[in-house]
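*Asks:* Read off the chains here:
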Amino acid sequence: MAEPVRIQPDLKFVKELQDVGGESLKKCYQCATCSVACPLSPAENPYPRKEMLWAQWGLKDRLLNDIDVWLCHNCGTCSDLCPRGAKPGDLLGALRNMVYRKLVAPTVIGEWMSSSKHLPKLIAIPALLYLFIWWLSTGLTIPEGPIEYGKLFPGDFTIDPIFGAVFLFVCACFAGGVLKLVKSFQDLPQTFAVGVKAPPKPTLVACLIDVVKDEIATHAKFNQCGKDNSERFTGHLTLFYGFAALAIVTSVVAVAHWGGKILPFLTPMGHTPMHLTNPVKILANVGAVLLLTGLIYLTRRRMNADPAKSASNYYDWYLLGVIWAVALTGAFSELLRLAGIPTLAYPVYYLHLVAVFMLFAYLPWSKLGHLVYRTTALVYARYSGRLPLAHPEEKTFSV
Amino acid sequence: MANNSILVVGGGFSGITSALEAAEVGYEVFIVEKNPYLGGRVAQLNQYFPKLCPPSCGLEIQFQRIRNNPKVNYFTQAEVTRVTGAPGDYEVTVKLSPRHVNEKCTACGACAEAATTELPCEFDLGLGMRKAAYRPNIFAFPMRYVLTKEACGKDELAKIKASCVYGAIDLDDAPREIKLNVGAVVWATGWKPYDMQRLENLGAGKIGNVISNMQMERLAAPNGPTGGKILRPSDAAEPKRVAFVQCAGSRDENHLNFCSYICCMASLKQATYIRERYPKAQVTIYYIDLRTPGRYDNFMKKVTADENLHLVKGKVAAIVEHAATGDAVVTVENAVTGIKSDERFDLVVLATGMQPSLAGATVAGLHIDEDGFVTSAPGTGMVASGCAKLPLDVMKSAQTATAAALKAIQTVAGR
Chain P
1 MAEPVRIQPD
11 LKFVKELQDV
21 GGESLKKCYQ
31 CATCSVACPL
41 SPAENPYPRK
51 EMLWAQWGLK
61 DRLLNDIDVW
71 LCHNCGTCSD
81 LCPRGAKPGD
91 LLGALRNMVY
101 RKLVAPTVIG
111 EWMSSSKHLP
121 KLIAIPALLY
131 LFIWWLSTGL
141 TIPEGPIEYG
151 KLFPGDFTID
161 PIFGAVFLFV
171 CACFAGGVLK
181 LVKSFQDLPQ
191 TFAVGVKAPP
201 KPTLVACLID
211 VVKDEIATHA
221 KFNQCGKDNS
231 ERFTGHLTLF
241 YGFAALAIVT
251 SVVAVAHWGG
261 KILPFLTPMG
271 HTPMHLTNPV
281 KILANVGAVL
291 LLTGLIYLTR
301 RRMNADPAKS
311 ASNYYDWYLL
321 GVIWAVALTG
331 AFSELLRLAG
341 IPTLAYPVYY
351 LHLVAVFMLF
361 AYLPWSKLGH
371 LVYRTTALVY
381 ARYSGRLPLA
391 HPEEKTFSV
Chain E
1 MANNSILVVG
11 GGFSGITSAL
21 EAAEVGYEVF
31 IVEKNPYLGG
41 RVAQLNQYFP
51 KLCPPSCGLE
61 IQFQRIRNNP
71 KVNYFTQAEV
81 TRVTGAPGDY
91 EVTVKLSPRH
101 VNEKCTACGA
111 CAEAATTELP
121 CEFDLGLGMR
131 KAAYRPNIFA
141 FPMRYVLTKE
151 ACGKDELAKI
161 KASCVYGAID
171 LDDAPREIKL
181 NVGAVVWATG
191 WKPYDMQRLE
201 NLGAGKIGNV
211 ISNMQMERLA
221 APNGPTGGKI
231 LRPSDAAEPK
241 RVAFVQCAGS
251 RDENHLNFCS
261 YICCMASLKQ
271 ATYIRERYPK
281 AQVTIYYIDL
291 RTPGRYDNFM
301 KKVTADENLH
311 LVKGKVAAIV
321 EHAATGDAVV
331 TVENAVTGIK
341 SDERFDLVVL
351 ATGMQPSLAG
361 ATVAGLHIDE
371 DGFVTSAPGT
381 GMVASGCAKL
391 PLDVMKSAQT
401 ATAAALKAIQ
411 TVAGR
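Just so you know, the protein sequences line up as chains P and E, in that order. Using the numbering used here, the letters of the first sequence correspond one by one to residues 1 to 399. Using the numbering used here, the letters of the second sequence correspond one by one to residues 1 to 415.
Derived from the structure by calculation, the hints contain no laboratory data. Mixed in with the good hints, there may be bad ones.
[To be verified] Below, simulated DSS-like cross-link-like pairs (lysine-lysine); rule was C-alpha separation at most 25 angstroms, straight line: (1) P:Lys27 x E:Lys313; (2) E:Lys313 x P:Lys26; (3) P:Lys183 x P:Lys60; (4) P:Lys15 x P:Lys26; (5) P:Lys12 x P:Lys26; (6) P:Lys151 x P:Lys180.
Could you put the whole structure together from the sequences, leaning on the hints where they help?
*Replies:* See the structure below:
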């Protein structure tokens with residue numbers, strides 16, 4: 001006779017899951033429609049039916065170690081076809097939210113990021129910080145002469161050190177998170193194919209290349225997901241390339257500016273504000289337009305979504321809201337500067353700094369954390385054999 | 001003016017039963033039936049569960065009781081269009097469609113031979129064809145032919161009329177309206193199979209070898225389009241691998257938000273149809289929960305003891321056609337093993353649910369819930385019977401029919 005299995009449900013965890021977006025999980029009656037509906041779910045132990053069961057039973061350990069929540073790109077087809085309105089798509093989203101909330105220390109930030117009631121604190125930190133700097137630089141007044149934001153917030157002494165520190169802090173947090181995540185995946189039960197010669201294990205580099213090609217750069221998997229995905233696909237891809245463009249711009253400016261201290265010929269490339277015909281500035285403006293376009297697509301989709309099929313939660317709106325704030329304040333900082341209206345331009349730039357801080361400093365605990373966690377999981381899924389490589393390595397063996 | 005007669009809307013098993021129960025204790029009843037025959041869904045079955053006897057057993061007795069009871073009046077091809085009044089005094093408007101065949105008909109079949117136009121057979125749920133002049137089914141009550149006049153040209157109609165030596169063809173028959181005064185109304189409007197076209201992920205009714213469970217009854221019935229041979233529609237081949245897909249539209253808030261109660265038993269029953277005809281056939285039933293309440297559990301145990309019958313827990317959520325062979329490929333996750341796979345079958349039967357016939361309809365004075373079931377409101381003379389009330393098997397339909405008759409009598413008694 002089989003060993004009896006003692007299930008120790010964590011009821012508090014079930015409650016927490018319901019709070020972060022899985023409120024319908026108890027409606028599930030295990031019909032398994034969702035696992036079939038999902039175009040990405042593997043044939044062996046497909047998701048999300050098993051996750052629905054684990055969630056109902058409060059099997060916290062299994063859920064928090066579950067790599068499959070990252071294989072889901074949340075198209076919502078499972079929720080559309082769900083006969084009970086249990087919204088399995090939302091549950092997987094809730095599980096990802098749980099990772100944002102709990103994976104990385106200091107978890108108090110995760111706590112603050114989980115509910116709108118803590119939002120004032122999150123705003124207050126950068127708001128006070130940059131207000132203090134403004135007070136130090138000009139005593140909270142609007143400076144005379146041509147608009148240069150460096151007059152309020154001198155790059156070398158305020159912007160760069162703060163964001164540099166934030167960058168290192170975020171990197172350290174992510175490094176810890178990635179290690180923790182991989183370790184949790186390693187605890188997964190292994191699948192062994194008996195009698196079948198296992199294909200050679202791919203290298204980590206090959207897996208990473210596969211993920212970058214198939215998932216990130218082209219969003220190919222993301223696009224396979226769902227029936228009518230064009231709005232989500234276009235929006236997400238546009239937003240992604242908007243960010244990519246702006247990341248390149250920031251890197252060029254930072255490298256040229258600080259590199260210029262050692263190699264003086266770089267300095268002019270990093271000098272801001274740039275002329276509108278400067279290629280870097282053109283890229284920056286293109287990035288801003290892409291960002292706004294993507295935001296419009298994604299926000300419109302969420303506004304029009306049928307609440308009976310998929311509900312947007314605080315994590316979704318926080319991220320969209322902050323990116324909107326970054327994009328709008330960024331665009332208006334530039335426009336107001338060009339229009340020469342200092343009384344508006346400086347305060348808007350101040351708001352821009354607050355928004356950018358909120359996007360980056362809290363990144364490991366926000367939905368944008370998927371950038372790192374999902375990439376980690378997708379690479380590991382290929383490495384461990386959970387997912388096949390889309391483009392297997394070409395290897396020739398001579399006999 | 002107070003009236004103590006009773007109207008029964010629907011002449012299926014529950015309607016007939018309600019009518020007879022009231023008539024046999026002395027009340028005058030009127031049955032209004034939409035089809036050209038009485039017997040409803042039961043008449044279309046091959047066998048009842050769990051005893052696996054043919055529907056003529058049961059229906060025949062009921063028809064005999066109707067013939068012998070002058071208190072029972074019935075109208076076929078008739079529909080209630082309006083009900084006004086109050087308990088004890090309703091005025092009901094009934095629209096009668098023309099049959100074009102009068103009571104002189106002897107069911108000799110000469111008109112059907114003379115007819116050349118063929119139409120999809122409603123009784124066989126589109127699996128076969130019928131002539132424009134036709135007998136609704138072999139066991140039709142009343143046993144009288146019907147002519148679909150609008151489908152024929154002038155010459156054909158003349159030939160059909162000439163073929164009848166009894167003068168039973170009446171081409172001048174026209175739609176009529178009659179008014180009935182009754183004291184109570186029993187709604188025995190029954191059910192319809194859930195429309196397969198709405199099950200988009202299950203092929204939307206467009207895959208030839210994916211049929212509904214009611215179509216399976218017609219394939220298995222000796223009076224059906226194949227004479228009782230179960231052959232798949234695309235190429236009339238004998239199926240070797242057959243799948244049943246449970247909850248096709250039932251227990252699903254996107255379709256029918258309730259359990260249709262009979263489909264598990266119906267599929268088990270139909271599995272026996274296949275297994276007795278094809279000793280080597282493999283049958284798989286895909287289910288969420290196998291619901292065989294009460295004594296039906298014994299039937300389930302008996303049927304599933306067959307080693308060629310496989311039960312898989314997991315709802316089929318996708319069906320596509322295998323282009324080369326016409327086979328149906330179903331995708332399902334076995335929720336016990338956690339393996340998702342594509343399985344090929346020669347024939348797939350969707351256990352489509354019971355949708356109440358009144359779904360989406362509004363009738364003044366009648367309470368219909370969001371699913372389309374009639375809810376009998378106390379104090380009114382409107383009573384629900386059979387599957388108009390909730391999903392039921394034949395036995396329980398008869399029980400609710402007797403109860404409905406009693407409630408109707410309580411409304412009209414002493415008036």
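*Asks:* Taking the hints in turn, state whether each one holds.
*Replies:* Hints, verified against the model:
no., hint, verdict
1, P:Lys27 x E:Lys313, "18 angstroms, holds"
2, E:Lys313 x P:Lys26, "19 angstroms, holds"
3, P:Lys183 x P:Lys60, "16 angstroms, holds"
4, P:Lys15 x P:Lys26, "11 angstroms, holds"
5, P:Lys12 x P:Lys26, "14 angstroms, holds"
6, P:Lys151 x P:Lys180, "43 angstroms, violated"
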